[in-house]
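All chains, full assembly: derive it from the sequences and hints.
Chains as they are written, first to last, in the working numbering: chain A, 1 to 342; chain B, 1 to 342; chain C, 1 to 612; chain D, 1 to 612.
Calculated from the structure, these hints are not laboratory results.
Hints are not guaranteed to be accurate.
One-sided excerpt, in silico: chain B residues whose CB lies under 7 Å from chain D [as the list claims (entries may be wrong)]:
hint, residue
1, ASN22
2, ARG25
3, CYS27
4, ILE109
5, TYR134
6, GLN140
7, MET146
8, LYS150
9, SER153
10, PRO155
11, ASP215
12, THR289
All values derive from a computational prediction rather than experimental measurement.
Glycine residues also receive a C-beta, built at the ideal position from the N, C-alpha and C atoms.
Take a look at the letters that make up each chain.
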Amino acid sequence: MSETTKQVETLHLTRKDFVPDNDVRWCPGCGDYSILANMQKTLPSLEVEKEKYVFVSGIGCSSRFPYYMDTYGFHGIHGRAPAIASGVKLANPDLSVWIITGDGDGLSIGGNHLIHVLRRNIDVNIMLFNNRIYGLTKGQYSPTSMLGKKTKSSPFGSIDRPFNPSAVAAGSNATFIARALDVDARGLQESIKRSQDHKGASFIEVYQNCIIFNDGEFADVENKSTRPDNALFVVHGEPMIFGKENNKGIVVDNHHPKVVELGDKWKVKDLLVHDETNMHITNLLLEMTFDPETPTPFGILRAVDQPTYDDLLHSQIDQVTELRGEGNLKDLFNSGDVWEVK
Amino acid sequence: MSETTKQVETLHLTRKDFVPDNDVRWCPGCGDYSILANMQKTLPSLEVEKEKYVFVSGIGCSSRFPYYMDTYGFHGIHGRAPAIASGVKLANPDLSVWIITGDGDGLSIGGNHLIHVLRRNIDVNIMLFNNRIYGLTKGQYSPTSMLGKKTKSSPFGSIDRPFNPSAVAAGSNATFIARALDVDARGLQESIKRSQDHKGASFIEVYQNCIIFNDGEFADVENKSTRPDNALFVVHGEPMIFGKENNKGIVVDNHHPKVVELGDKWKVKDLLVHDETNMHITNLLLEMTFDPETPTPFGILRAVDQPTYDDLLHSQIDQVTELRGEGNLKDLFNSGDVWEVK
Amino acid sequence: MTKKVTRVNEATIRFAGDSGDGMQLTGTRFTEATAILGNDLKAIPNYPSEIRAPTGTLAGVSAFQLMFGSSRVFTPGDLPDTLVAMNPAALKVHLKDLKKGGSILANANAFTDKNLKMAGWESNPLEDDTLAGYTVFSIEMSKLVGIALEESDLTKKEIERTKNMFALGVLFWMYNRPLEPTEAWLKKKFAKIPSVAEANIIAMRTGFNYGETTEIFTTSYSVEKAELPKGKYRNITGNEAVTYGLVAAAQKSGKELFLGSYPITPASEILHNMSNLRNFKVKTFQAEDEIAGIASAIGAAYAGDLAVTTTSGPGMALKTESIGLAVTTELPLVIVNVQRGGPSTGMPTKMEQADLFQAIMGRNGETPVPVLAAMDPADCFECAFEAARVAMKYMTPVILLSDGYLGQGSGPWKIPNPDDIPEIEISHPDTSAAGEEGFMPYQRDEKEARPWAIPGTPGLEHRIGGLEKENITGMVSQDPENHQIMSDLRARKVRNIAKEFDPLEVYGEKQGKLLVITWGSSHGSAHVAVDRSHKAGKSVSQLHLRWLNPLPSDLKSVTDNFDELLIPEVNMGQLALLLKAELIRPIHQLNKMKGEPLRASEIETKIDEILG
Amino acid sequence: MTKKVTRVNEATIRFAGDSGDGMQLTGTRFTEATAILGNDLKAIPNYPSEIRAPTGTLAGVSAFQLMFGSSRVFTPGDLPDTLVAMNPAALKVHLKDLKKGGSILANANAFTDKNLKMAGWESNPLEDDTLAGYTVFSIEMSKLVGIALEESDLTKKEIERTKNMFALGVLFWMYNRPLEPTEAWLKKKFAKIPSVAEANIIAMRTGFNYGETTEIFTTSYSVEKAELPKGKYRNITGNEAVTYGLVAAAQKSGKELFLGSYPITPASEILHNMSNLRNFKVKTFQAEDEIAGIASAIGAAYAGDLAVTTTSGPGMALKTESIGLAVTTELPLVIVNVQRGGPSTGMPTKMEQADLFQAIMGRNGETPVPVLAAMDPADCFECAFEAARVAMKYMTPVILLSDGYLGQGSGPWKIPNPDDIPEIEISHPDTSAAGEEGFMPYQRDEKEARPWAIPGTPGLEHRIGGLEKENITGMVSQDPENHQIMSDLRARKVRNIAKEFDPLEVYGEKQGKLLVITWGSSHGSAHVAVDRSHKAGKSVSQLHLRWLNPLPSDLKSVTDNFDELLIPEVNMGQLALLLKAELIRPIHQLNKMKGEPLRASEIETKIDEILG
Ligand SMILES: Cc1ncc(C[n+]2csc(CCOP(=O)(O)OP(=O)(O)O)c2C)c(N)n1
Ligand SMILES: Cc1ncc(C[n+]2csc(CCOP(=O)(O)OP(=O)(O)O)c2C)c(N)n1
Ligand code: SF4
Ligand code: SF4
Ligand SMILES: [Mg+2]
Ligand SMILES: [Mg+2]
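The structure is reproduced here in structure tokens:
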């Protein structure tokens, strides 16, 4: 449990405490609304004082998020939220710092800061709203748009292979990776809670529908009727089962994930069991993302404990202070060869 | 086989053709010398005309490389070589474009461009000289320096968790990943050849000793006597065997790589067989990098065929031209509602 | 009943409504119909930075203004004669700009209690005396289209959406514009859903007939054709014109065009337009950020393409390090900055002229770059072509400044005959350029440009880069004397571009009391202001500068003929500072920081103030 | 034999050798010994941008120069009196700078045929008449240390390496400096390998004795103590002084210091120094690039730390977008630019003053930032402290310009008593600041600074960002009138900082023919030049500007007292342009682009030229 969520006297915060006066200005029907609502609903249960939250974002529709949360917030510049947030957290480790970003903000211009904050394992929580499009600038393809996608800047179809954002996080040595769906309140709330509890950088990829420029991109999993057959919700320690009738599962075949039908041949015990701490299970799940033969995995894909940058920094400060004594200007100024003019 | 290496009339190039007049200015004993020599030795066998090579780099000791190759070269600015090189390749797909970068240039300031060029699968060849230090700026820790490393900017030990460069490449959906060692001429030459042959973005991580600021960082694999027990050279289709006596091998145990001793219990047939095209084999190898229990893998870790950005671009140009006819200024100017003033 | 038709010389109309009300489309259609009629015009959209701000709010209001006339029109007009207000918020936001005595066309059905409250009206302005002094046409547009389309298969919501076409129809009647072009356009646009095309056409006709028939309208206006130079015309936005200018330069130089760019308001349309031109061999590369946008363009320039990067202020900030690289490697590159309101993210959909300092001086080191600015949408074509020509001739990056007002605004463009556009001569050295000592990549021609030797050319293998280079040989050099030589050379090469400028042309008398100096899009309103002041008997002329760096060499002699100088600009005095230093004389300033162009009337007032 | 001791007022020495010859260390040791003796001094290293360029080449030469004297010393000297040349390349590179009649101390053993050839000597200059006119001491240093250390356990290579200590010993003798401080230092440095410490000490003593004993030296020099103000002194580099100034500001304001930075020559030492101060609660964050460096600092400023970012030109270019964010969010931030030679990567290890435009005008939009520049290494302390104070007082980013010459150069620093340094008053609003309407993050105090409300404070929850903000409330606003208000306000806030400047002080007469105006590190050589010219009877004074933005309000009245103005600067005329515009009068310029400071003699010549 992170420092910031230490048991404080019960806070009695409610959803309303996080709703500011100003209007929300996303398009009607935008997937961002549901993410916002679930954030406002979940925070009161996290036992963090309201004034300790800081939401930092870049630029994009998604990055307007801080304006819609009645906490401290910083609407930064395009792509730089992870860097700004790192400064916030290192300045004051007591804060619960959230980074809100989009597939353009976080993976195009801001890709480098994202992979570095994950590598460093600074204790911040990152939500990347992946709508596979640049919303705010009115519909160009993004680094997560699928090949062939026709947009304003790719009228003949995109020729840019997409990232799998969660795989990028894994390649950056991230200690916490989750995937959620804008319309799935339970999954969102679970991801938000777990990411706050996680000590270190948490990465949540949220599939988000942009009703204006990329409507239906995630139809197969957004649609309630097709979701069960197309989405796999993984739970640590549980076998990977999915399907409308809970009749399908995942096994490993020549190091690749494969869908099997439960029945005579395949039993639940044959199925792959999710293990958040096992890198190769995470990798198998990641590989399923773009594979048309397998369902799209959601849930906590990875969670391991590793020292955080902020802890290491502050304990190094303590150690050196122990060793050398608290910094003293007089000694500092007078270090080296000193002489006197009388 | 890539376009640029199509059989041309025999070229009779020799190593000397690639050695320019000016002096090489790395520190005596720097690992960069061996990489340079092997590049100069290997190019003549690639059947590419000398004038078709372009070496693009950023800033760093490693990035001085283009000055030492008698070909076309562009010593860019810090971190931007992949972007410059992308422009070169897209402007002229006929060129064999090489990106030379360092762990700082390519993974610190230039991390974003690196992951994007790999994602897009532009047909360029990238060599990242990983000496786990900033050489040119005189010895600060880099994003690949190990935790605890004492350097000029981390006098009490680095608190920055390192990247595994090849894993970053894998997370970016790279189609070709190799790892080589500055002192291993065979491995270097093999990587250079294979990367030129690969259609798409190739990524070669080279472990390189910086004798001045990080000497001995890779001692366990650089040292001829300890190398066999600490390095695993993988070959596609071959079981993973290593050790001074060729008596050790790799098996998979609960989705993790594990070292076993060949003998009564474990036979060669039990060992993991390398498959360049299988993502999960690649991931297993990548996981071994920082694991003290396993050897460090070298060789072609991954190689798969996927459409390249440059091919897609040029075929889209052809298709649209077919469809619409060659662009004509008159028609373009007169598109939309036109009226005449008489 | 035949109604009175009043002939006017010019008219300014503003369409305002909710983001979802289709005001941009309505405005554009009116513009096209007007252009085809042969009026001169300028048009400009004005929309919120949200994609769809909440319906009915002040923040969600989207507007489009155009001015058209029977003589030359230089701006989209200061204050509108007619305001179309599709809801209370639109009226609230735009009423203050309406000319005294102007007309308001309002959709009465949208003036519900809820909407009025959201817009901050205490009572319904259509019903109280708020609008006294204006001519108000309060029309139940929603209801009327509902009735007109009763028979249609469309949903209620879809029908409601055609109300903008109704408004357009009324305006077409009011200003005697033809319906046919819009009908044709609608049929094409909704070719796949004819019922929608049909409904829109009906709504428009209903509006037109409503004007014709009902008694609330007594007068319509006619605006005669403008006396434009003979030729073919089309309406063009600045961003389109930049696209065309660059594509023309590519064809005229025999180069392929490479655009490395990253989307940003208000420059994105250049990227969109370019990406549609694959059959012109245009290679658009939507990079991961602005730095990769310019860096890829620099790579493409090295490899022999006509290389371009396009952006707006914040993106320009990110490109400055790379611009330095292009300067020192002496590679041709066109950098387009469609300026917007700053600082920082600022006001993305508003215009400003505040990136001039950045363009000329915003780099580390002594890093001279030629800078020019376009004065109106059509001029963007000329300037883009010129930028590309100069870049390739002198082997240098060139910065073209446009702004949101030009980029998204439009006006008629006299379509040039491509055959009349001069060729751009490019010569790439071939193998024979390698002398005894090898190839000299920093050898110079009479313009002091270095050779553009392209990878793939046998024998010319050479290395370039960001470290200081020895002149002639191009070897890395940290020699003090060489650095002086190279610094002087880079400065002189840019300064000498001024040698090929045409002599400056003063608009009005060549000598007098006051000279108004303009750059970029301030040209239009200053032109109108100078005209009016001149007509009022003032001794005032105008000098417009296309090139800001280098400054024209006759600048001093031209300005010396005037007692006073005035520079109106939409910033805090950037050109004024540069010219004070250049001319060593005081300069009057008119500065405005409101995210919108200077108005002719504001400049007129300032002229009066100076001339007393 | 007692040798002659000549008393001189000042001396300039340059140590030059191969990168591997330890010239920086030798120079630093000489500097320390000289400082302890009580001379005033300035010192400056000069090294190649390669880590170890190939031995024996011209490119591989590394040098260190210092000037010391018995009165105030303002520069590390133009031309050296004595040149230590450890190999032929060092002699080749530096001979041209040696004063006529100066002394050369050469390691004869390094003048082998191979080395001579590599350095481009046709024959051995120690043996032909190349060096006629100089006093040459050709000493077989390598051989002599070899003999002296015959008994030692060190390898031959290790012994050879002590030859720099031999040279240092000779110089110590020549200038009558004590050996003890260096002996103590060597013992400490090589505490773990006493044999190396011992060998170096022996080599140094051998050199000293060699001077004392052999007949080739007839004279040694003494330089009296300088009359420095009373107090404790130490030698300090500009980069150290910046570190100390900022740490002092943090302590005096009760803030923790956060440094977000990325290594770059010649600024990296600030990061190194800071990272050593963990017990001062200094948080150094070596970011992934310069953008993350400043962005993290902005985040830290928001969260309440004294935030700093340090860099050099190319890094500064990358930070410009973020500086705009700091301006518009009105957060305190210190930005240090240790300038180097541009454009682009340019000449990383050479100095230049060419980033002034960039500092003041290098951003998109109207984005005013206070800018000040340090004049010498010790002044870096004052300026850094001042920058931090102003940043926090006015809630604004502040740019501090230093340069490679100051950052890596050194001079004596009168150590202040920390108790005498004034506190910096900071007040963070607490919960009570939230009024009825909630907290107003853009409410302003009498200086028009907004409150620094820190996350974690209950009741003050608020959002900031890069979009234009409504004054007082801080809500996002794209309103035209508000943008004007905010633009004016941001400009005025910065302009008003000038109100607290001390009146300008002219050095020399307050009125006269010529005023030399300087900024940054040009102060020293101009000071010397003005002094000399003044002594020669010329009517010339000096005005040094610490603040470049805003300009002091008495600038005009002070400069009006002089007929002519001259601005010497190591760029192509950046301050000159700004002051021409500010003062509307012609200004003489002395510009130099050689990657090295102006020399006093060059300025003197220019003064003569102007005054006839
Ligand atoms: C430096 C800079 N470059 C470009 C932009 C323009 N821009 C703003 S948001 C955006 C893309 C946003 O996409 P994403 O992060 O996916 O957010 P979404 O709107 O889809 O939620 C771009 C290109 C900018 N504001 N600043
Ligand atoms: C914009 C910019 N920032 C910083 C630098 C300084 N710099 C040059 S090289 C380098 C690091 C090089 O490290 P690496 O890529 O690992 O190369 P190596 O020298 O180790 O081969 C840095 C920080 C620069 N030249 N430009
Ligand atoms: S454009 Fe798309 S992502 Fe942006 S607010 Fe509208 S629906 Fe949401
Ligand atoms: S500093 Fe290190 S990496 Fe650089 S040239 Fe020297 S040994 Fe090689
Ligand atoms: Mg998006
Ligand atoms: Mg390195």
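Hints versus structure:
Given hint, ASN22(B) at the interface with chain D, is violated; its Cβ is 10 Å from that chain's nearest Cβ, farther than 7 Å. Of the supplied interface hints, the one on ARG25(B) holds, with its beta-carbon coming within about 5 Å of a beta-carbon of chain D, less than 7 Å. About 4 Å separates the beta-carbon of CYS27(B) from the nearest beta-carbon of chain D, less than 7 Å, and the hint is met. Hint status for ILE109(B): holds, given a least beta-carbon distance of 4 Å to chain D, under 7 Å.
Interface restraint check for TYR134(B): the shortest CB-CB distance to chain D comes to about 6 Å, inside 7 Å, so the restraint holds. With its C-beta approaching chain D no nearer than about 5 Å, GLN140(B) sits inside the 7 Å limit, and its interface hint holds. A hinted interface residue such as MET146(B) counts as satisfied when its beta carbon comes closer than 7 Å to some beta carbon of chain D; here the least separation is about 15 Å, so the hint is violated. Checking LYS150(B) against chain D: minimum C-beta separation of about 11 Å lies over 7 Å; hint violated.
Interface hint status for SER153(B): upheld, as the beta-carbon distance to the closest one in chain D is roughly 5 Å, under 7 Å. For PRO155(B), the shortest C-beta to C-beta distance to chain D is roughly 5 Å, which falls under 7 Å, so the interface hint holds. Among the interface hints, the one on ASP215(B) is violated; its C-beta lies about 13 Å from the nearest C-beta in chain D, farther than the 7 Å criterion. For THR289(B), the interface hint is violated, since its Cβ never comes within 7 Å of a Cβ in chain D; the closest pair sits about 21 Å apart.
The structure shown violates the earlier hints numbered 1, 7, 8, 11, 12.
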